[in-house]
Each structure stands twice: as C-alpha cells, then as structure tokens.
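Trainee: These protein sequences, in sequence, are chains A and B.
Residue numbering for the first sequence follows the numbering used here, starting at 2 and increasing by one per position.
Residue numbering for the second sequence follows the numbering used here, starting at 114 and increasing by one per position.
Bear in mind the hints are in silico, worked out from the structure with no lab data behind them.
All C-beta atoms in this analysis are idealised placements derived from N, C-alpha and C, irrespective of residue type, glycine included.
All clues given are correct.
Using 25 Å as the maximum straight-line C-alpha spacing, the simulated SDA-like pairs for lysine to any residue come out as follows:
id : chain 1 : residue 1 : chain 2 : residue 2
1  : B       : K226      : B       : E199
2  : A       : K12       : B       : E141
3  : A       : K78       : B       : P200
4  : A       : K19       : B       : D145
5  : A       : K120      : A       : I15
6  : A       : K74       : B       : P200
7  : A       : K64       : B       : E199
8  : A       : K11       : B       : F124
9  : A       : K11       : B       : D222
10 : A       : K78       : A       : T127
11 : B       : K227      : B       : G137
12 : B       : K152      : A       : R48
13 : B       : K169      : B       : I188
14 : A       : K78       : A       : I99
Some chain A residues flagged as far from chain B (calculated, every beta-carbon gap over 12 Å):
id : residue
15 : I22
16 : S35
17 : N82
18 : N88
19 : M90
20 : L93
21 : D94
22 : L96
23 : N100
24 : P103
25 : L111
26 : D117
27 : L118
28 : Q124
29 : Q126
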Amino acid sequence: MTSIDISVYKKQYIELAKNSITIIQDTFKTYVQSKPKNNKLLTEPHRFIHMMRSQSAFLGYEKTAQYCFEIEKIFAKLISNDTFFLNEMQDLDLLQCINQLPRNLDEIELNNTEIDLNKFYNQLQTIYQSI
Amino acid sequence: MKIIIIDDDVFFRNFYSTKLTELGYTTETAGDGEEAMIKMTTFIPDLILLDIIMPKKDGFTVLNELRLNPILNTIPVIVFSTLGQEPDIEKAKQLGAKDYINKSYFDFDSLSKKISSYLSK
Chain A
2 MTSIDISVYK
12 KQYIELAKNS
22 ITIIQDTFKT
32 YVQSKPKNNK
42 LLTEPHRFIH
52 MMRSQSAFLG
62 YEKTAQYCFE
72 IEKIFAKLIS
82 NDTFFLNEMQ
92 DLDLLQCINQ
102 LPRNLDEIEL
112 NNTEIDLNKF
122 YNQLQTIYQS
132 I
Chain B
114 MKIIIIDDDV
124 FFRNFYSTKL
134 TELGYTTETA
144 GDGEEAMIKM
154 TTFIPDLILL
164 DIIMPKKDGF
174 TVLNELRLNP
184 ILNTIPVIVF
194 STLGQEPDIE
204 KAKQLGAKDY
214 INKSYFDFDS
224 LSKKISSYLS
234 K
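Assemble the whole structure, with the sequences as input and the hints as a guide.
Mentor: See the structure below:
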C-alpha cells in the first residue's frame, strides 16, 4: 500500500466503487440472461472489477482487493473461452458473491472495516477451480 | 518536463496527475489507448505512465504502436498496472517498456524517484 492519507481519497473510492458494482451487477445479469450466452459480455464487468481491485488494494482494503481478484479471475477465464459456460447454479452462486460487494462497501464507508467474506471467497474459488 | 498518464481508471488518473503536478511536472491524461495516441500527436511527453487493461486499445497495443512511431519510440514508458504476473511483465518489456510497477502497492515517493531517474537519462 502506498503511503498516502486514505481519508483524502476514500470518498472518491466509495463513489467509484458503487458505480463499478452497479455496472458489474447489471452487466452480469444481462450476460446470464443472454441467449445464446456470450462470454464477451463479461469484458466490461471484468474491467470494472479489475479497477475496483486496484483501487481497494491501493487504499489498503486488502480483503476486498483479494475478493475482487477472485471474481476478476473467473471473468477473465470465461472471456478467454467462448465455448465454456457456468451452469445455472454456478451463475447464481457467482451473482450471490457479487452481491456481497455493496454490503462490504457500506461497512468500509461507515466504519472503515471490511466484512467477513470468507464463505463467499471460498465459493468463488470453487467456481474458478471448476472452469 | 511533460508526463502523460494513460489509464482508464479515473481514480489513478486523478491521483497521479495531481501528485505529479505538485512535483512540477506538466501532465496530460488519457482514458484509453486510442485517446492517448491521438493526444500524443500534439502533446509529446518526456515520459509515459501506461496502464494495461483499458478499453478500445490496451496497453500492450499502445506499446507496440509507440515503438513503431519514429517520434514517440524514444520516450521512456513505465507500465503501471495491477497485473503482476511474470508473463505480463515480460511481454511489456519485450514491447519496449522501461519499467513495470504494480500501481496498487508501489509507494509514490519511489515512483517519483524512478520517474526522475528516467528523465535524467
């Protein structure tokens, strides 16, 4: 983590992260509902989760950064393979994991702490290993 | 001395632009590789800070275009990305990047020393 005054940049981080999360959630839902499924639709959510990872790590929210990285890896792997898709249950599991991001962000905003995401972190790793 | 910061992430564009301006550099920013190449037709920098994952034109494509450009190919490029895998670093250096830093974990004071070092060569 770079030696900076986090409080100066925290407000901008929160605003940008909220925007990123909205884009990731909306685009992922569109992707899940697309027929046929098109993994290239994950390019934008991949970019935004990558940005969120970078910003989180920069400000010292390491758990959030690692969590974002797990989502990023799944997106990257799917984007690189047009013929592989998650099944419906995995889509729902991934969406559930993505939906933890707002709760975590609220905790950072209010109390400057990160919530315990271990259960969902493990879920993400399970999904990634299945790809 | 002029520096262009090429990054789709507005957070890092703003941070580095502000910090480098405070140090006395003239800065320009671009949100993607395509915008960057257009801006560098009139803003010829002395150093380029370049992200990799960007829309329209990514950092690797920019590196390739820079090395083929007779006006821009001598400008030192520091890639600053959160991608930290060895193949990405190796690819960036093969395409002509002078240095590669992880922008999320790199201390700004150290970066400014690196910049100063490359600009003094």
